[in-house]
Amino acid sequence: APAILLLLLGLTMFAVSFIGMVGSLRDNRTLLKMVKALYIFLTLVLCCFFFLFPQMNSVFHSNIQEGIRHYYDDLDFKNILDFVQEKFSCCGGDEYKDWDVNQYHSCNSSGPLACGVPYTCCIKKVPGEVINTLCGYKTLEKERLQLVDVIHVRGCIHALGLWFKDNFEITLGIVCSLLLPQVCENFLSFTIIILRHLTLSSHYCLVM
Numbered sequence: 792a793p794a795i796l797l798l799l800l801g802l803t804m805f806a807v808s809f810i811g812m813v814g815s816l817r818d819n820r821t822l823l824k825m826v827k828a829l830y831i832f833l834t835l836v837l838c839c840f841f842f843l844f845p846q847m848n849s850v851f852h853s854n855i856q857e858g859i860r861h862y863y864d865d866l867d868f869k870n871i872l873d874f875v876q877e878k879f880s881c882c883g884g885d886e887y888k889d890w891d892v893n894q895y896h897s898c899n900s901s902g903p904l905a906c907g908v909p910y911t912c913c914i915k916k917v918p919g920e921v922i923n924t925l926c927g928y929k930t931l932e933k934e935r936l937q938l939v940d941v942i943h944v945r946g947c948i949h950a951l952g953l954w955f956k957d958n959f960e961i962t963l964g965i966v967c968s969l970l971l972p973q974v975c976e977n978f979l980s981f982t983i984i985i986l987r988h989l990t991l992s993s994h995y996c997l998v999m
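Residue numbers (our numbering): 792 to 999.
For the record, the hints were derived by calculation from the structure and aren't laboratory data. Treat each hint with caution, since some may be false.
Beta-carbon label-pair distances, calculated as ranges [unchecked claim]:
{"no.": "1", "residue 1": "Arg935", "residue 2": "Met804", "range": "40 to 48 angstroms"}
{"no.": "2", "residue 1": "Leu925", "residue 2": "Val813", "range": "54 to 62 angstroms"}
{"no.": "3", "residue 1": "Asn854", "residue 2": "Glu960", "range": "21 to 29 angstroms"}
Simulated pairs of lysine-lysine, DSS-like, Cα-Cα distance not exceeding 30 angstroms [what the hints assert, rightly or not]:
{"no.": "4", "residue 1": "Lys956", "residue 2": "Lys929"}
{"no.": "5", "residue 1": "Lys956", "residue 2": "Lys869"}
{"no.": "6", "residue 1": "Lys916", "residue 2": "Lys878"}
{"no.": "7", "residue 1": "Lys956", "residue 2": "Lys878"}
{"no.": "8", "residue 1": "Lys933", "residue 2": "Lys869"}
{"no.": "9", "residue 1": "Lys915", "residue 2": "Lys933"}
{"no.": "10", "residue 1": "Lys915", "residue 2": "Lys869"}
{"no.": "11", "residue 1": "Lys929", "residue 2": "Lys878"}
{"no.": "12", "residue 1": "Lys956", "residue 2": "Lys827"}
{"no.": "13", "residue 1": "Lys878", "residue 2": "Lys933"}
{"no.": "14", "residue 1": "Lys869", "residue 2": "Lys916"}
{"no.": "15", "residue 1": "Lys827", "residue 2": "Lys888"}
{"no.": "16", "residue 1": "Lys878", "residue 2": "Lys888"}
{"no.": "17", "residue 1": "Lys929", "residue 2": "Lys915"}
{"no.": "18", "residue 1": "Lys916", "residue 2": "Lys888"}
Idealized CB from N, CA, C, for every residue including glycine.
My request is simple: use the sequences and hints to build the entire structure.
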């Protein structure tokens, strides 16, 4: 799922840029108006994402749980979730007990991973420490207060939400800095086309 989302985002940005380029080269106001409408639409989607993030928790939670269920089958999701859990000091979607939905980590299964969490959920006592891959053994049987020094008990949805709130201005600034050059380019192209049409119209009127 994450790979598909990134692919769709890349295709969308390519399509917008390509339409803007063709519109500029062909002096086509229709294409430039389409680009303008797409920019407005993408901006609205981005704003909705930031402002409705808390209401989308249930959607994120169900998707992450589905990913956790197939954690060892989907290598892309596994790598992304491992990175997020280590980077943002979190475990699971809503909490660490989300790992019970995985057939290998479920408390109803047998084996060394049963009733535990991946090592990426574990707390590093010392920076650069080599973590035991079974450090999350039998953690799903315990309560949060018993695990505060063993694993990260908060979910990654909450961790990412806090990060977005703390870095909202930075994130918005980066997005705007990436979009601004393209917006300015298409705006200038649209202005040049309008001026050219006005010039041609006035010239035609003078000839008549």
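Hints that the structure is at odds with (numbers, increasing): 4 and 15
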